[in-house]
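Undergrad: Using the sequences and the hints, build the whole thing.
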Amino acid sequence: MARKTIRSIPQLRAPMPVQEPVVRARNFDEVALGFDTQAALLECERCLVCPQPACVEGCPVNIDIPGFITRMIRHDYRGAYDVLTDSTLLPAVCGRVCPQEDQCEGVCPVGAGGTLEPVAIGRLERWLGDRAIAEGWRKQSHIERRQFRVGIVGSGPAGMACAADLAKAGCKVTIFEALHEPGGVLRYGIPEFRLPNSVVDAEINAIRALGVEIKCNTLVGRLFTIEQMLNEMGYDAVFIGTGAGSPRFMDLPGEGLNGVLSANELLTRCNLMRAGQFPTYDTPLGLGKRVAVIGAGNTAMDAMRVSLRLGADEVHCIYRRTEHECPARREELHHAEEEGIHFHWLTNPVEILGDANGNVRALRCVRMELGAPDDSGRRSPVVVPGSEFDFEADTVVYAIGTSPNPILGQTSKLKLDKRGYIQSDASLATSLAGVYAGGDIVTGAATVILAMGAGRRAAQGIKDYLGIRDSSVVYAPEAAGLEGSLFGIDLAERNFTHLRLI
Amino acid sequence: MADQDDAGAAGADHADHAAPHFIEEIRATGFPILTRTDFSDVTFLLEIEHPAMARAAQPGQFVIVILDDHGERLPLTIADFDRARGTVTLVVQAVGKSTRQMQATLRAGGTLYGLVGPMGVPSHVSGAKKVICVGGGLGVAPIYPQARAFKEAGAYVIGVVGFRNKDLVFWDDKFRAVCDEFIICTDDGSAGIRGLVTQGITEALARHVDVDEVVAIGPPIMMRSCVETTRPFKIKTMVSLNPIMVDGTGMCGGCRVKVADRIRFACVDGPDFDGHKVDFDDLMLRLRRYKAQEKDALDRYDENCRRTRLPHETLGVR
Chain A
0 MARKTIRSIP QLRAPMPVQE PVVRARNFDE VALGFDTQAA LLECERCLVC PQPACVEGCP
60 VNIDIPGFIT RMIRHDYRGA YDVLTDSTLL PAVCGRVCPQ EDQCEGVCPV GAGGTLEPVA
120 IGRLERWLGD RAIAEGWRKQ SHIERRQFRV GIVGSGPAGM ACAADLAKAG CKVTIFEALH
180 EPGGVLRYGI PEFRLPNSVV DAEINAIRAL GVEIKCNTLV GRLFTIEQML NEMGYDAVFI
240 GTGAGSPRFM DLPGEGLNGV LSANELLTRC NLMRAGQFPT YDTPLGLGKR VAVIGAGNTA
300 MDAMRVSLRL GADEVHCIYR RTEHECPARR EELHHAEEEG IHFHWLTNPV EILGDANGNV
360 RALRCVRMEL GAPDDSGRRS PVVVPGSEFD FEADTVVYAI GTSPNPILGQ TSKLKLDKRG
420 YIQSDASLAT SLAGVYAGGD IVTGAATVIL AMGAGRRAAQ GIKDYLGIRD SSVVYAPEAA
480 GLEGSLFGID LAERNFTHLR LI
Chain B
0 MADQDDAGAA GADHADHAAP HFIEEIRATG FPILTRTDFS DVTFLLEIEH PAMARAAQPG
60 QFVIVILDDH GERLPLTIAD FDRARGTVTL VVQAVGKSTR QMQATLRAGG TLYGLVGPMG
120 VPSHVSGAKK VICVGGGLGV APIYPQARAF KEAGAYVIGV VGFRNKDLVF WDDKFRAVCD
180 EFIICTDDGS AGIRGLVTQG ITEALARHVD VDEVVAIGPP IMMRSCVETT RPFKIKTMVS
240 LNPIMVDGTG MCGGCRVKVA DRIRFACVDG PDFDGHKVDF DDLMLRLRRY KAQEKDALDR
300 YDENCRRTRL PHETLGVR
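Line order of the protein sequences matches chains A and B. Reading the first sequence from the start, the letters are residues 0 to 501 in numbering that gives the first Met the number 0. Reading the second sequence from the start, the letters are residues 0 to 317 in numbering that gives the first Met the number 0.
Don't take each hint at face value.
As the list claims (entries may be wrong) - What follows is a list of derived Cβ distance ranges for each label pair:
hint	chain 1	residue 1	chain 2	residue 2	range
1	A	VAL381	B	ARG163	57 to 65 Å
2	A	GLY210	B	THR28	16 to 24 Å
3	A	GLU350	B	ARG299	33 to 41 Å
4	B	ASP295	A	GLY78	48 to 56 Å
5	B	VAL41	A	THR279	23 to 31 Å
6	B	PRO231	A	ARG363	33 to 41 Å
7	A	THR279	B	ARG163	30 to 38 Å
8	B	GLY126	A	ASP416	32 to 40 Å
9	A	GLU350	B	ASP187	42 to 50 Å
10	A	ALA208	B	ARG106	30 to 38 Å
11	A	GLY210	B	ARG163	49 to 57 Å
12	B	ASP295	A	GLY339	28 to 36 Å
13	A	GLU350	B	ARG193	43 to 51 Å
14	B	THR28	A	ASN26	25 to 33 Å
Simulated from the structure, these hints should not be mistaken for laboratory data. The model shown is predicted, which means the values in this text are computed figures rather than measured ones. From the three backbone atoms N, C-alpha and C, an ideal C-beta is built for every residue, glycine too.
TA: Shown next as structure tokens:
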């Protein structure tokens, strides 16, 4: 077949149906409905199958994107799934929540000219992930058991990615989760309409199928410490992926009023505790009718769209910069606008006003204008003098970022940085030998896929530390010669159990 | 919570307790209830098997309990722990929907769906020579391990506990075993002295001029009264705050309290704080957050119980 060129491929992206904004704003069903087989195959045709694919480099977990797409074109879906899951065990999750426009799709040559849209890699990944769930495909890894035991703290994306890689390398892996259900931010944070719980369950089962054990209701640090895991409980290595955690507030007057809460609390009540179904479920929500969300990141978008679906009449976004600086994904912002969220750019709250019963009644705000660029290169907002006004609201939600969770800092000797995040080197090793950390607890709040990338990098670090040969590349000691080896056994490898004399 | 200034010290005293030896020891769900004791028509005790938690638990810490897969996450202070038996003890007051349901359904031999902890920074058992440990209402049980810890640290311990009347008194023998002086206060004077726990504190302070510290656990209104009683004497008074919580791991910020004009999270920075610096108005206001929903849930629950019980009872009559 002649090589595909930018002219010969289908020019337009295959259509993906979405729920109508007016309908979806009142239900928790998924917004984006996903490709059907025909659309997926059409979209595959748009891939140029570059010899040096930029998309693989652009992917934080380096998925062989042209590799799985070529197999899809041959209708070898199972083969495509196996290629995909060499790099990620959560394709149905990543296909939904990754910011592909900044990663694989952002560097796709098809979109580079600016006239065409890049290959919809995320949607293809999602289609394949969903198909695998429907068909019950499992990644069949040949796992040779080793004597190493690895403990993982936190069952979010970082912990699960790390667990999957280590389980595939033959380690006995246990994940400890403080909440009563596994999944971390995928469970408590990302709402049902963006990532259905059934998808999270299916992906977690795929991790369990690798032999990973998940212990919920276990608060590491307090039930036992990181040091105890290594010294007394017999773990050879530990990975910490606890997430950033603690919500920030602004220290404004009136923050103690009832009706003021963090986006984390709103989302946890709604997603993990199913407060939307109160009183069938015991956890209440107490959402008002006029909700103001402070901040404009992805968490703010989720909080606003959840509020709308839980029956708020009006949902408003208060952000001190402009739409241009808004840190949310374009797609999320676009969806939120379509659903009727009201955006108030260049607006900053200065006080929360309450009624006689201690409930929120309004937000006192000021108008802002953009001044000189700050350290982040963004123009910093400054207050317009005399612009104060009151904004009516009965619920105020803070979505202005998080601070590191303090529990492990309180209970271990792990070295933290100035801001309280865990310090780690390039291999994600911490100040304690054998303890690795990655994801939001190291970098501060980021994305699911970056956390997964960190989890995989830490798994590599742990494999090196334990002297397990690299299970993700084909090992060829002959190529390296027999020098520095003992009867052909690589001395760097301390794990000899898989060798048998015949 | 960028700063962790005063929290860091707490980690050190954690290390002297052994970790679970086998991972199998750590249960992830279905926590066995070994015994249940009813103290009154609202207060009951549950002793739950959890060897790892019994080893790790320290005075002042709490757990989160989940009754079933529809249940809410309910924070309860650890009332006692027995490292040898491998159990933790919780004392529950059946006042809301979830606690009433616990009272109705949990039995010795049964299990709890969810139990996680120990949570929070352990109480700092200071080198105080003479302390008053005050417990009222739900706080009577959790003040006991504190009193015991002070006693073990060599302090002269004065216990002050409050009940509505004589019939509600429990654990007086346990308290007497660890207290050098023990004062029971009842509303009607049917046991001990008549009056609130503040009466007991005032009496104790009249007899002892050298009290170094007061620890008070109970309803916010009681803790506030205790704090106001000791304020003129400038005696350090620690209180254990009980705001509304969801996850209990520092993630949701629902339990934020104002201490010395700063926001602190009771679940990871507390639950113990210097009572003289706590904004109790803020705490009490925020505890009313879900009053309407709590009442609604309780009414529905009672209505359901009544309805489901009726046919059963008529059957019994026949």
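Undergrad: Tell me, in ascending order, the numbers of any earlier hints that this structure violates.
TA: none
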